[in-house]
Amino acid sequence: MSKQGGKGAAGKGKKPAKAGGDDKREDALQAVIIADYFQDRFRPFTLDKPRCLLPLVNIPVIEYTLEFLASNGVQEVFIYCGTHSEDIEQYIHESTRWSPNSAISPFSSLEFIRVSDATSVGDFLRDLDKRSLISGDFILVHGDLVANIQLDGILAKHRARREANRDACMTVVLRSVGEEPHRAAKARGITPVFVIDDTDGRCLQYDEIHPLMKDRRLLLDPSVFKHGSFELRSDLIDCGIDICTPDVLALWSESFDYELPRKNFLHGVLKDWELNGKLIYTEIFEDGYAARASNLQMYDCISKDILERWVLPFAPDSNLMHDQSYQKVKNNSFVESGVLVERGSKVLQSAIGKDTSIKAGSVISGSVVGRRCQVGKNVKIKDSYIFDDSIIEDGAVITHSILAGGVKIGANAQIPEGSLISYNVEIDRDVRLPTKPPARISAKTDNGQPVENDASLVGPGGKGAVYSVTADDSDSDSDDEGDGDPAQLQNNLIYSLEGLNISTLSVSTLASEDDYDSDEDDEHAGYLHAGDGQRERLSSFTSDDASKPDAFHGDAVNGLVDALRGDDNADFDSAKLEFMGLRLANNASDSSMRRAIAVAFTKRAAEMLTPEHGGLEPAKAAERVLKDKNGAVKFIKDVGVGGDDVKQQTEFALALQKGLVSVRGLEPSRAGTLLAALLQQLYTLDVLEEDGILAWWADRRAAEGDTMTTVKERCKVLVDWLEEADEEDSDEDEDDEDEDDEDEDDEDSD
Amino acid sequence: MPPSQANYAPSLDKLIKSLKSQPYEASIEALIFLLKRRQVKGDDCAVATAHILLQVVARSKWHDVDQLLGRVQSVGSRLARAAPHEPVIGNIVRRVLGLIRDEATEDRNNADDLGSDSASDIQSLAPTNPPPQRPAPTPVLMRSNTAAPGGLQVSKSMFNILSAATAADTPMTGASTPLSQAQPASVHALRTEVINGIEEIMDEIQQADDQIASFADIQIHPGEYVLAYQPTKTVERFLIKAATRRRFTVFIASIDPIEPGSGEKPYAALRKKLNSHGVTTINLASNGLMAYIPRVNKVIFGAKVIYQNGGLLVDSGACIAAQAAREFLKPVIVLGAIYKFCPEDPSDEAVISELGNPSSFVSYADGPEVEALDIENTVTDYIPPSLVEVYITNLGPQTRHHLASILADHYKVEDIGYSLHDGEV
Chain A
1 MSKQGGKGAA GKGKKPAKAG GDDKREDALQ AVIIADYFQD RFRPFTLDKP
51 RCLLPLVNIP VIEYTLEFLA SNGVQEVFIY CGTHSEDIEQ YIHESTRWSP
101 NSAISPFSSL EFIRVSDATS VGDFLRDLDK RSLISGDFIL VHGDLVANIQ
151 LDGILAKHRA RREANRDACM TVVLRSVGEE PHRAAKARGI TPVFVIDDTD
201 GRCLQYDEIH PLMKDRRLLL DPSVFKHGSF ELRSDLIDCG IDICTPDVLA
251 LWSESFDYEL PRKNFLHGVL KDWELNGKLI YTEIFEDGYA ARASNLQMYD
301 CISKDILERW VLPFAPDSNL MHDQSYQKVK NNSFVESGVL VERGSKVLQS
351 AIGKDTSIKA GSVISGSVVG RRCQVGKNVK IKDSYIFDDS IIEDGAVITH
401 SILAGGVKIG ANAQIPEGSL ISYNVEIDRD VRLPTKPPAR ISAKTDNGQP
451 VENDASLVGP GGKGAVYSVT ADDSDSDSDD EGDGDPAQLQ NNLIYSLEGL
501 NISTLSVSTL ASEDDYDSDE DDEHAGYLHA GDGQRERLSS FTSDDASKPD
551 AFHGDAVNGL VDALRGDDNA DFDSAKLEFM GLRLANNASD SSMRRAIAVA
601 FTKRAAEMLT PEHGGLEPAK AAERVLKDKN GAVKFIKDVG VGGDDVKQQT
651 EFALALQKGL VSVRGLEPSR AGTLLAALLQ QLYTLDVLEE DGILAWWADR
701 RAAEGDTMTT VKERCKVLVD WLEEADEEDS DEDEDDEDED DEDEDDEDSD
Chain B
1 MPPSQANYAP SLDKLIKSLK SQPYEASIEA LIFLLKRRQV KGDDCAVATA
51 HILLQVVARS KWHDVDQLLG RVQSVGSRLA RAAPHEPVIG NIVRRVLGLI
101 RDEATEDRNN ADDLGSDSAS DIQSLAPTNP PPQRPAPTPV LMRSNTAAPG
151 GLQVSKSMFN ILSAATAADT PMTGASTPLS QAQPASVHAL RTEVINGIEE
201 IMDEIQQADD QIASFADIQI HPGEYVLAYQ PTKTVERFLI KAATRRRFTV
251 FIASIDPIEP GSGEKPYAAL RKKLNSHGVT TINLASNGLM AYIPRVNKVI
301 FGAKVIYQNG GLLVDSGACI AAQAAREFLK PVIVLGAIYK FCPEDPSDEA
351 VISELGNPSS FVSYADGPEV EALDIENTVT DYIPPSLVEV YITNLGPQTR
401 HHLASILADH YKVEDIGYSL HDGEV
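In order, the protein sequences belong to chains A and B. Heads up: the first sequence runs through residues 1 to 750, numbered per the UniProt record's numbering. Heads up: the second sequence runs through residues 1 to 425, numbered per the UniProt record's numbering.
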């Protein structure tokens with residue numbers, strides 16, 4: 001390792017000449033590899049191995065990433081691991097080439113960083129910020145990157161921009177793939193859309209579109225138009241290579257709720273660039289290759305690209321691993337030493353690992369077969385990926401599937417397109433796996449226990465059962481999608497919209513109902529969502545907030561209610577900050593914020609009425625909920641109402657009313673009383689003005705449906721009083737009146 | 001891959017600079033991966049190999065000739081395996097092996113003349129057949145070096161393992177012999193000689209192009225039309241040199257860039273230089289060159305490697321030009337330095353030829369084409385010996401029939417038989 005320092009020094013000796021007046025040390029180039037994705041797209045394979053150790057054309061995926069970094073002269077590498085981190089560490093330490101102790105490692109240092117409580121990529125990067133390991137520009141990549149591009153030019157441009165403007169903090173490296181349908185493009189499902197200033201490559205806006213979107217529209221930020229000319233590009237592969245300055249990490253730290261580098265971070269930072277002033281640039285390259293094996297379809301696509309030499313020098317016969325011995329043979333195939341291909345069998349455009357034997361009459365095309373596999377007679381394997389140590393018996397037919405290691409396929413079994421067969425599964429002879437949907441078979445459950453064998457699926461002598469992907473929303477890439485989760489498009493090997501109803505309307509209802517159902521068992525969440533569903537229905541023809549993501553609403557309400565519940569007399573500011581963060585992250589509209597605030601406060605107030613929380617009188621509850629926390633009132637005034645406008649006040653009153661109506665287990669009459677108390681308190685506290693409340697009273701939206709009307713009626717007293725007060729001289733002593741009013745309310749509730 | 005603009009990306013220059021500061025084992029590894037990633041290719045491979053072997057000779061621990069030979073062979077085969085498409089590496093390794101054998105023989109002769117060294121010393125320096133029994137007196141000094149744990153273990157060939165074991169087995173006898181002084185001295189001398197020899201090889205590689213160019217005005221006559229197919233650096237220098245003396249016309253054939261109009265015209269620098277000497281240049285697309293063959297007086301290629309049968313590897317597409325020239329009885333001139341002469345027959349793989357990235361012909365952005373086509377981009381072509389008229393080496397023009405003597409002059413029989421590709425795996 002010490003001598004590697006020397007290598008770095010040699011590189012350094014060269015640099016000052018090039019970089020010229022660059023102020024500080026251009027020492028070692030640093031890179032950060034994110035080797036956990038908090039996704040389950042590769043299940044059930046990832047039950048056994050982390051994604052970055054799955055073989056891609058018989059080399060673990062992370063080898064490609066490390067090799068890419070090495071070929072770009074990276075000196076220091078930090079690897080963030082999540083699940084299976086021991087496996088990855090062990091793998092690296094045992095590797096002669098990458099082990100940090102190895103004399104021949106091209107990196108001067110390679111460190112693993114474990115974060116015990118990380119739940120997203122964002123947590124990793126915030127952790128990285130805290131550790132202050134990063135001294136200058138660094139390359140951020142994912143552990144599933146396959147690329148052969150040279151970053152030198154891009155790094156130089158990035159540096160030049162940073163010299164010119166301190167705020168140019170990040171360069172996103174993209175590959176253009178053209179407008180035509182493309183196997184790489186097709187595989188994506190989610191299409192990133194970049195709005196780019198075409199003069200200097202600055203990225204102005206980022207969004208994602210996918211076929212399950214409710215409205216296939218992209219809202220351009222008005223500020224985009226200030227830039228003169230810009231391009232809107234959806235023909236780009238986002239290979240996840242970011243060249244960052246440490247400022248990027250600071251940005252991550254500032255936004256504690258960002259989880260995903262693109263959907264949250266890039267989108268958010270660009271959206272708020274007027275606040276943070278940071279500029280993000282893109283570099284689009286036309287030559288070379290870069291892609292992420294981020295889902296099974298990309299895995300498929302990249303494997304093919306490697307076999308067809310698009311990714312040179314990553315081709316099997318480059319033998320990048322020390323123990324490999326691939327040679328190119330005829331028919332564009334690659335075989336390692338010790339491979340036995342019997343006469344009469346064919347290997348076309350495939351790679352076959354060491355000591356695999358293929359008996360007579362078999363045809364293997366477009367496939368990758370691992371080491372020590374045994375392929376029987378007359379087997380047909382097409383476009384499939386078979387990991388090490390598998391046994392395929394005579395006459396089996398395998399089409400476009402992935403078979404992990406140690407799999408045994410009985411004679412004459414049929415494995416149709418799209419099947420995913422995990423480690424150590426055994427399929428009995430003559431079994432035909434289902435085609436629709438393709439089978440996903442595992443010998444293990446999520447917690448690593450052996451499954452109960454499903455004889456109807458794998459045959460009487462088989463091993464394994466259907467693995468059902470438990471859609472754990474918090475793990476998924478797109479947990480804050482209001483509509484259909486696009487991640488499901490990427491869960492299968494075969495990209496298909498079949499079975500997914502993409503007619504706009506039905507998808508949206510389906511999705512919201514799903515939400516409703518799946519959350520129902522969770523008492524707390526169900527509570528919220530029930531109210532939410534109702535609200536949605538009520539508001540559907542009133543305002544524009546129907547399309548706003550539910551996740552924001554749920555999180556925001558929870559956050560606020562928790563803050564209101566808090567026993568300590570703490571300031572409300574932190575809750576406010578959190579709320580604003582959520583709002584920025586979700587791009588929530590004013591109306592959805594208003595709705596969330598109203599629901600949160602009414603919820604808490606309603607809660608106080610219940611015996612468990614003290615069984616307060618409505619008036620008392622209304623006062624407590626507003627006054628217990630410093631700053632809560634100001635928060636409502638500033639954020640919830642959002643201005644002195646009568647219209648805004650009306651909306652907020654309406655939101656309060658709806659919130660109360662939707663609180664479960666609260667009788668309408670009691671809800672009405674509480675509403676009156678709340679409105680009266682807000683009036684006293686100068687949050688709502690007389691005009692606002694009266695306008696609400698007059699609004700016909702407030703009287704839609706029985707419950708709404710009932711609730712509204714309970715406020716008549718207040719409104720009458722307000723009207724009277726209006727008629728009377730406004731100079732009248734309000735305090736007295738207030739007292740009276742409160743008394744009246746109390747009577748009401750009795 | 002686009003050319004690296006060299007800031008961070010590793011390159012041969014950086015490797016050479018860092019040779020001294022890192023263990024040679026790390027340098028070997030670095031070069032292996034540069035080769036695997038094609039970050040070093042073509043003529044650079046020869047230079048790089050020579051540099052690495054120099055490090056091996058100078059810095060690895062060895063205490064007799066056989067050990068040194070074994071080490072060079074093992075490193076050489078690792079390098080050669082890393083880039084099976086670059087036979088030049090093997091040539092350099094063979095040259096160095098031959099050099100070591102020569103120096104060792106010379107040493108022995110000297111020893112005989114002087115009569116000062118004992119028989120066991122001579123035995124230990126015997127160049128070819130390893131003695132059935134290793135000489136008992138192993139110097140203490142050397143033993144402690146070889147037995148020392150550490151970085152050396154990795155590269156040990158069979159040879160090494162044996163000798164290290166013997167050294168360890170016979171510690172007591174060696175300790176008391178008076179010869180322990182004499183041998184390191186001769187090892188030291190041999191080391192210096194071999195290092196000088198390798199430096200000479202490096203010089204030879206460096207000067208080869210200039211030397212070849214010095215024959216230019218003999219080959220190119222005034223008023224001739226010369227077709228240069230994808231001129232290599234060697235050919236460029238050759239043409240420029242000829243241009244200083246002669247007036248002639250050059251057709252430069254090259255593959256069309258994938259997007260016409262992008263960037264500058266191919267070989268712009270070369271054309272500019274030739275034009276400045278008053279030589280007319282005409283650019284041809286390689287697919288149209290056949291039409292010009294009747295007009296051409298001679299065709300010039302730069303060889304990547306020349307096999308012992310006279311066949312050679314060149315950039316892809318050149319074979320068509322050579323065949324066309326044959327049809328019209330135009331002479332084909334091949335430029336190739338001595339170090340490119342490979343004492344092997346072309347293997348099947350060589351004839352099948354290396355495949356490159358298909359993106360030179362089809363853009364990866366073109367989805368339907370990527371999906372539908374199987375694209376084979378052959379990087380090299382094999383030109384059979386019958387198509388070649390004359391080989392111009394740095395030692396002068398040669399015909400096919402004299403290649404054998406050139407090879408015999410530069411390679412030892414023992415090393416020709418040594419197949420670099422069948423080393424330990």
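Since the hints were made in silico from the structure, they are not lab data. Do not rely on the hints blindly, as some may be mistaken.
16 Å max Cα-Cα, derived EDC-like pairs, lysine to aspartate or glutamate [to be verified]:
no.: 1; chain 1: B; residue 1: LYS36; chain 2: A; residue 2: ASP323
no.: 2; chain 1: A; residue 1: LYS330; chain 2: B; residue 2: ASP348
no.: 3; chain 1: A; residue 1: LYS226; chain 2: A; residue 2: ASP200
no.: 4; chain 1: A; residue 1: LYS304; chain 2: B; residue 2: GLU369
no.: 5; chain 1: A; residue 1: LYS263; chain 2: A; residue 2: ASP123
no.: 6; chain 1: A; residue 1: LYS304; chain 2: B; residue 2: GLU371
no.: 7; chain 1: A; residue 1: LYS328; chain 2: B; residue 2: GLU376
no.: 8; chain 1: A; residue 1: LYS444; chain 2: A; residue 2: ASP123
no.: 9; chain 1: B; residue 1: LYS61; chain 2: B; residue 2: ASP44
no.: 10; chain 1: A; residue 1: LYS330; chain 2: B; residue 2: GLU376
no.: 11; chain 1: B; residue 1: LYS17; chain 2: B; residue 2: ASP44
no.: 12; chain 1: A; residue 1: LYS328; chain 2: B; residue 2: GLU199
no.: 13; chain 1: A; residue 1: LYS627; chain 2: A; residue 2: ASP573
Results of checking the hints against the structure:
no., hint, verdict
1, B:LYS36 to A:ASP323, "holds (14 Å)"
2, A:LYS330 to B:ASP348, "holds (11 Å)"
3, A:LYS226 to A:ASP200, "holds (14 Å)"
4, A:LYS304 to B:GLU369, "holds (14 Å)"
5, A:LYS263 to A:ASP123, "holds (15 Å)"
6, A:LYS304 to B:GLU371, "holds (10 Å)"
7, A:LYS328 to B:GLU376, "holds (13 Å)"
8, A:LYS444 to A:ASP123, "violated (29 Å)"
9, B:LYS61 to B:ASP44, "violated (27 Å)"
10, A:LYS330 to B:GLU376, "holds (12 Å)"
11, B:LYS17 to B:ASP44, "holds (15 Å)"
12, A:LYS328 to B:GLU199, "violated (36 Å)"
13, A:LYS627 to A:ASP573, "holds (14 Å)"
Of the numbered hints stated above, those contradicted by the structure are hints 8, 9 and 12, listed in ascending order.
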